[in-house]
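Note that the protein sequences, when read in sequence, are chains S and G. Under our numbering, the first sequence has 25 at position 25, and the numbering climbs by one with no breaks. For our numbering, count along the second sequence from 1 and bump the result up by 1000.
I should point out that these hints are in silico values taken from the structure, not numbers from a laboratory. Every residue, glycine too, gets a C-beta built ideally from N, C-alpha and C. Certain hints may be false.
Claimed, not checked - Here are the computed lysine-lysine pairs in the BS3-like style, where the Cα-Cα straight-line distance is at most 30 Å: (1) K1045/G / K1079/G; (2) K1045/G / K78/S; (3) K78/S / K1002/G; (4) K1042/G / K1002/G; (5) K1045/G / K68/S; (6) K24/S / K1042/G; (7) K78/S / K68/S; (8) K78/S / K24/S; (9) K24/S / K68/S; (10) K1045/G / K24/S; (11) K1042/G / K1079/G; (12) K78/S / K1042/G; (13) K68/S / K1042/G.
Unchecked claim - In silico contact screen, one side only, chain S against chain G (beta carbon under 7 Å); selected entries: (14) L45; (15) Y101; (16) P107.
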Amino acid sequence: DAGVIQSPRHEVTEMGQEVTLRCKPISGHNSLFWYRQTMMRGLELLIYFNNNVPIDDSGMPEDRFSAKMPNASFSTLKIQPSEPRDSAVYFCASRAGTGGYEQYFGPGTRLTVT
Amino acid sequence: RKEVEQDPGPFNVPEGATVAFNCTYSNSASQSFFWYRQDCRKEPKLLMSVYSSGNEDGRFTAQLNRASQYISLLIRDSKLSDSATYLCVVIRGGYSTLTFGKGTMLLVSP
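Make the full structure from the sequences, and use the hints.
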């Protein structure tokens, strides 16, 4: 079975550019999470979807960040405009149901903003 | 006080050693606890859940102390392959989102 798929795996962009990260959750999972990981702050939850509906976006840093989940098999995280402090590894994770707690993480997207 | 705190390490141990990590949490309403493992430049993966009565999975033992608000992970007979960062994870009651600690790095040497 394919796990969580993320693309691109690496992204290098210049400050001010738009960045779009993509995620395909595990088929049948109905919860999807976007995280950001840095050395300074560790792993932080950005936003959580359940059945394609955003449930908790309190972790989204500011208006430059937006996330969508148009259907059960696809989600995007967009940063516009990007800034150097956005450099981090962005993970997408999915989970089956709301009672189970194990989250399955994708391989992450390593974003560098110069 | 941070919601979940861990000693970042690194813990340097020889093969065969026993090593233990602690993790403290600040919210007494926290109800579920886990240890995740993250290899260098890889994604986190669930290692084990932590139950109130304590639980064991092979060389790994996890324990919960609600009174003192900490959980622990004990690794016996360390292997080179145990080298990784171990993330403490907490779920607060009524929520299903996970709060991660920053992790404790373990380095096992020959």
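Now the hints, each set against the structure:
{"no.": "1", "hint": "K1045/G / K1079/G", "in the structure": "holds (18 Å)"}
{"no.": "2", "hint": "K1045/G / K78/S", "in the structure": "holds (25 Å)"}
{"no.": "3", "hint": "K78/S / K1002/G", "in the structure": "holds (28 Å)"}
{"no.": "4", "hint": "K1042/G / K1002/G", "in the structure": "holds (25 Å)"}
{"no.": "5", "hint": "K1045/G / K68/S", "in the structure": "holds (25 Å)"}
{"no.": "6", "hint": "K24/S / K1042/G", "in the structure": "holds (18 Å)"}
{"no.": "7", "hint": "K78/S / K68/S", "in the structure": "holds (9 Å)"}
{"no.": "8", "hint": "K78/S / K24/S", "in the structure": "holds (15 Å)"}
{"no.": "9", "hint": "K24/S / K68/S", "in the structure": "holds (12 Å)"}
{"no.": "10", "hint": "K1045/G / K24/S", "in the structure": "holds (18 Å)"}
{"no.": "11", "hint": "K1042/G / K1079/G", "in the structure": "holds (19 Å)"}
{"no.": "12", "hint": "K78/S / K1042/G", "in the structure": "holds (22 Å)"}
{"no.": "13", "hint": "K68/S / K1042/G", "in the structure": "holds (25 Å)"}
{"no.": "14", "hint": "L45", "in the structure": "holds (6 Å)"}
{"no.": "15", "hint": "Y101", "in the structure": "holds (6 Å)"}
{"no.": "16", "hint": "P107", "in the structure": "holds (6 Å)"}
Violated hints are absent here; each numbered hint is respected by the structure.
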